[in-house]
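Student: What follows is each chain in one-letter form.
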Amino acid sequence: MNGRLIPPGDGVPLCFRRVSVGYGDRTVVREASFDVRPGEFVGLVGPNGAGKSTLLRAVTGGAEVKTGDITAGDSVVRLHERERARLIGVVPQSQPSVFAFTARAFVEMGRHAHLGRLESLRPEDHAVVGEVMERTDTARLADERVDELSGGDLQRLTLAQALAQQPRVLLLDEPTSHLDLNHALQVLDLVRSLADGGMAVLGVFHDLGIAARYADRISIVAEGGVLPPRAPAEALDAATISQVFGVRAVVRTDPVTGTVAITPVLRGEDIARAESGMRVGLVCGSGTGASLMRQLVLAGHSVACGALNRGDVDQAVAEALGARLVELPPFGEMDETAVAEVAESFSEVCCIVVCPTPFGRANLPNLHAAVTSGRPLILMGDMGPDRDFAGGEARRLWNEAVSHGAVQARSEADALVELERCRAEKG
Amino acid sequence: MTASSERNRHALTLVGLTIALAAAIIVGVAFGAVSLPPGEVLGAVSRSLSGHGSTLADALVVDLRLPRVLLAALVGASLALAGVLYQALFKNPLADPYILGVSSGAGLGATLSLSLLGTSYLARAAGVPLGAFAGALLTMLLVVRLASRRGRLDPTSLLLAGIAISYTLSAVTSFVLVFDRESMTSVVYWMMGGLGNRSWGHVTTLGAMLAAGSMVPLLFHRELDLMLLGDERAGQLGVAVERFKLLALGSASLVVAGAVSVSGLIGFVGLMTPHMVRLVVGPRHRLLLPASALAGAIVLVVADLLARIVLAPVEIPVGIVTALAGGPFFVWLLVRKERSR
Numbered sequence: 043m044n045g046r047l048i049p050p051g052d053g054v055p056l057c058f059r060r061v062s063v064g065y066g067d068r069t070v071v072r073e074a075s076f077d078v079r080p081g082e083f084v085g086l087v088g089p090n091g092a093g094k095s096t097l098l099r100a101v102t103g104g105a106e107v108k109t110g111d112i113t114a115g116d117s118v119v120r121l122h123e124r125e126r127a128r129l130i131g132v133v134p135q136s137q138p139s140v141f142a143f144t145a146r147a148f149v150e151m152g153r154h155a156h157l158g159r160l161e162s163l164r165p166e167d168h169a170v171v172g173e174v175m176e177r178t179d180t181a182r183l184a185d186e187r188v189d190e191l192s193g194g195d196l197q198r199l200t201l202a203q204a205l206a207q208q209p210r211v212l213l214l215d216e217p218t219s220h221l222d223l224n225h226a227l228q229v230l231d232l233v234r235s236l237a238d239g240g241m242a243v244l245g246v247f248h249d250l251g252i253a254a255r256y257a258d259r260i261s262i263v264a265e266g267g268v269l270p271p272r273a274p275a276e277a278l279d280a281a282t283i284s285q286v287f288g289v290r291a292v293v294r295t296d297p298v299t300g301t302v303a304i305t306p307v308l309r310g311e312d313i314a315r316a317e318s319g320m321r322v323g324l325v326c327g328s329g330t331g332a333s334l335m336r337q338l339v340l341a342g343h344s345v346a347c348g349a350l351n352r353g354d355v356d357q358a359v360a361e362a363l364g365a366r367l368v369e370l371p372p373f374g375e376m377d378e379t380a381v382a383e384v385a386e387s388f389s390e391v392c393c394i395v396v397c398p399t400p401f402g403r404a405n406l407p408n409l410h411a412a413v414t415s416g417r418p419l420i421l422m423g424d425m426g427p428d429r430d431f432a433g434g435e436a437r438r439l440w441n442e443a444v445s446h447g448a449v450q451a452r453s454e455a456d457a458l459v460e461l462e463r464c465r466a467e468k469g
Numbered sequence: 019m020t021a022s023s024e025r026n027r028h029a030l031t032l033v034g035l036t037i038a039l040a041a042a043i044i045v046g047v048a049f050g051a052v053s054l055p056p057g058e059v060l061g062a063v064s065r066s067l068s069g070h071g072s073t074l075a076d077a078l079v080v081d082l083r084l085p086r087v088l089l090a091a092l093v094g095a096s097l098a099l100a101g102v103l104y105q106a107l108f109k110n111p112l113a114d115p116y117i118l119g120v121s122s123g124a125g126l127g128a129t130l131s132l133s134l135l136g137t138s139y140l141a142r143a144a145g146v147p148l149g150a151f152a153g154a155l156l157t158m159l160l161v162v163r164l165a166s167r168r169g170r171l172d173p174t175s176l177l178l179a180g181i182a183i184s185y186t187l188s189a190v191t192s193f194v195l196v197f198d199r200e201s202m203t204s205v206v207y208w209m210m211g212g213l214g215n216r217s218w219g220h221v222t223t224l225g226a227m228l229a230a231g232s233m234v235p236l237l238f239h240r241e242l243d244l245m246l247l248g249d250e251r252a253g254q255l256g257v258a259v260e261r262f263k264l265l266a267l268g269s270a271s272l273v274v275a276g277a278v279s280v281s282g283l284i285g286f287v288g289l290m291t292p293h294m295v296r297l298v299v300g301p302r303h304r305l306l307l308p309a310s311a312l313a314g315a316i317v318l319v320v321a322d323l324l325a326r327i328v329l330a331p332v333e334i335p336v337g338i339v340t341a342l343a344g345g346p347f348f349v350w351l352l353v354r355k356e357r358s359r
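Taken in order, these protein sequences are the chains called P and R. Using our numbering, you'd call the opening residue of the first sequence number 43 and step up by one each time. Using our numbering, you'd call the opening residue of the second sequence number 19 and step up by one each time.
Next up, chain P with everything else stripped away, as it sits in the complex (with noise of 0.2 angstroms):
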């Protein structure tokens, strides 16, 4: 299937020894040991500037190896630069050309290391560079002008020329930064089978869950240090992401890929100092208290959820935003301790809101902890047929609610309006 693409033979790692790289005075990244074995795709993700892409110029001189070794079989900064181009190929950041190559051209250069000194393209070159165009989609632009080309049509084509090199080793950088969904997902297929054709793939990514869909292992770049690659799963925390990127984000796996999927929340610095915040309880799952959930953590609230079920959206919220909860097995219900400790969560709040949730057996006990607590209550949406599966034990409890005095709320604005009264009341 990679046909010409992967020379044959034995597949070649990419091995950083206790590397530092930077420009000049400048060291941007420190001690990096990590490898990348044949058939392996790495992908390196990290904070704008953290060195991502100094550590793979490094590679092609384009950054200085200031401490320790990059290695390729040989250690690369010893190769002559034409071994090392029929060793290595990248895919740099795409910058527009302004020389009116054609694209045929353009993707020819890349054969340049092949080719002896007084050599025009052999016909096995021709072979090569007609089906790199063919896998990159680039072969209908064979005769256009590059300078002519969009950013997405550039960016294949670099793709393109970098593979024409028959590399063992092949570095990406963002290389699908400019493509439309379909061509993005076509590039990273055709990467993916090269790397499990035998090529040693390291790739700088700034999509969290494209890298996590697409690599073997990632490894994160941030503040000057490398973490060692891990399995997507195990590098992308939601409490990694927070501490690197300082965003909280939702981290599941996605049903339809089976990877990681990243929702980003909000972002750490987004949310307000806490001075003014208050204890806000809420009675949520299934999604629907996510929303009010992150507008209280932006507002600098601290939020108690009760006890939810792990694998709930509501609970993988409340899990991205550091709010309190009392955390089932999936399906599971909640026994004595789990009462106990949401009752207990519940008396220290100011005001508890009831969010539209359907109320069934397993969920009850934190309507039970809410009505049951004394706190001033807020009442979203209606109690209905349709929400009560617990045989009327919720509609009874929401009529005592609201006999006792509890507000009723029409939307989360509603909600957030009447939070603001019951503190202003509390004083």
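Read the hints as simulated data drawn from the structure, not as lab findings. It is possible that part of the hints are untrue.
[As the list claims (entries may be wrong)] Under 10 angstroms between C-beta atoms, here's a sample of chain P residues computed to sit facing chain R:
#1 Arg79
#2 Gly81
#3 Phe141
#4 Phe143
#5 Phe148
#6 Thr301
No residue lacks a Cβ here, since even glycine has one placed at the ideal position from N, Cα and C.
Fit chain R to the given chain P structure using the hints.
Tutor: This is chain R only, laid out in the frame that chain P set:
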């Protein structure tokens, strides 16, 4: 497009340019203060090749006009070749030996070696080209150094540094001449860019320098293509960038030094010619290099012809003709570049 049809197109382009150059040379020889029919030019050349040249007209053709026209062709080819090299190495379509100050550097080098070594035959034959080469190379290095910020070469700084250095070196040349009044008149006239009173010796010197300076570019035409993608990308694709740059800049300095030492400062040929040729044949150097050299030769033969006949019998230095055409061209390029931003 298939490889063979492309090769045919290349061959056709080069053959066409060669024929045009031959025609320009014949016309250039035929016209002048005394005009001859073109057939007479060929006759004179064949008679002199077979050793029977004897008439006054034959002597006019073979000893005066022909070396001058061939020299114009070689100078034009050299300047165009250097322009292609500079434009590729600096990825700057406005680069040319005159604008980068390299011509002035070569001029100063030549002037210094004239006033230090005297005007003996050896000084003129070897000292002037050597001095010009040293001047060109040092100026190039100085300009690149001035325009670099932390290893990056800013295109605008490069042009500014080139122009500033060019003026400074011209002033230094004039200063040297103040102390050396003997050679002043001839040097000043030479610096304006003239092809008058040139002999076959000049043709051989420049021919040899052009041949030597063309080796690297013609053998390394693919590297020149790759350099257009940027230094780092060229390195990733297998070019030993720093070594290649030095080789190519050395070659460019050599041909510029050759051109300057026989004909003084002739501007804008190295800028205009590659531009026009690139529009027709595209950016690949395998064709761009020889096509530009041929076109540069044609341009300068025609410019020299104009310089001789416009105000005949008074001759204008050919550098004035190229500057009159090239200055506005440069401004047009600048304006177009600004607008396209």
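Student: Now look at each hint and say whether the structure bears it out.
Tutor: Each hint tested on the structure:
Checking Arg79(P) against chain R: minimum C-beta separation of about 22 angstroms lies over 10 angstroms; hint violated. Below 10 angstroms, beta-carbon pairs count as interface contacts, and Gly81(P) has none with chain R, the closest being about 23 angstroms; its hint is therefore violated. For Phe141(P), the suggested interface contact is upheld, since its CB lies about 4 angstroms from the closest CB of chain R, less than 10 angstroms. Hint status for Phe143(P): holds, given a least beta-carbon distance of 6 angstroms to chain R, under 10 angstroms.
The closest approach between the C-beta of Phe148(P) and any C-beta of chain R is roughly 8 angstroms, which is under the 10 angstroms cut-off, so the hint is satisfied. Because the smallest distance between the Cβ of Thr301(P) and any Cβ of chain R comes to about 31 angstroms, over 10 angstroms, the interface hint for this residue is violated.
In summary, the numbered hints that this structure violates are 1, 2, 6.
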